Amino acid sequence: AQSVTQLDSHVSVSEGTPVLLRCNYSSSYSPSLFWYVQHPNKGLQLLLKYTSAATLVKGINGFEAEFKKSETSFHLTKPSAHMSDAAEYFCVVSDWGSYALNFGKGTSLLVTP
Amino acid sequence: NAGVTQTPKFQVLKTGQSMTLQCAQDMNHNSMYWYRQDPGMGLRLIYYSASEGTTDKGEVPNGYNVSRLNKREFSLRLESAAPSQTSVYFCASSEVVGSGVDTQYFGPGTRLTVL
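Residue numbers (the numbering used here), protein chains in the order written: chain Y, 22 to 134; chain C, 2 to 116.
Hints listed in this document are in silico derivations from the structure and should not be mistaken for laboratory results. As the structure is a computational prediction, the values presented were derived from the model and not from experiment.
Chain Y is faced by these chain C residues, among others (derived, beta-carbon under 8 Å): (1) Met-42; (2) Gly-43; (3) Gly-108.
With a straight-line Cα cutoff of 30 Å, these simulated BS3-like cross-link-like pairs (lysine-lysine) come out: (4) Lys-70(Y) x Lys-72(C); (5) Lys-126(Y) x Lys-63(Y); (6) Lys-63(Y) x Lys-72(C); (7) Lys-10(C) x Lys-63(Y); (8) Lys-126(Y) x Lys-10(C); (9) Lys-70(Y) x Lys-58(C); (10) Lys-89(Y) x Lys-70(Y); (11) Lys-126(Y) x Lys-58(C); (12) Lys-15(C) x Lys-126(Y); (13) Lys-58(C) x Lys-63(Y); (14) Lys-15(C) x Lys-63(Y).
Okay, the calculated bits of chain Y under chain C, using three or more residues with CB under 8 Å as the criterion: (15) 65 to 72; (16) 123 to 131.
Using N, Cα and C, we set each Cβ at its ideal position, and we do this for glycine too.
Given the sequences, and given the hints that come with them, work out the whole structure.
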């Protein structure tokens, strides 16, 4: 069975400092992994996805994530936070042949001036 | 391209009332989904439609019905609303279900309150 654990429910960073949002997954097969972002009162937007190609995945707005099979992790990073990055971030796993996207509970990112 | 659109954006119902949430996509996707989002819970799948003419239950289908009206439209119906159905509802679409790699595209959501 596939599942996702987002290790922090809230993360607070200062503008211009690095962002790290942590995600561990469990999956029976080779998973596909996604990060989605949700700004307040908005729908979800895809940031990036891993589909068994390169383990370092680059996404939109300067975000990237690294797939580490040995650690079953897919952490999201950004070198320098911007005020507009404040949002809810969801790590998502999907197995081949499965209709389901399994969402983590989300990490709320706060960016302070 | 509007992507995925949902109506209404907001709705308040009384317990026992019925309503239908509408969803449409203009990306010619085969698969469509309905999720609900509750605080601290992430998104949970209610129903999905792999292709026109098919629908299947997701993780939390009780109290809901769906109709895949055509390739573009997928509606969610609450026959007798309950306060436990107070939530934000998201519709999504993707090219193919079950591939595991396919991106789902989400609508802006419908915020439903049941009193």
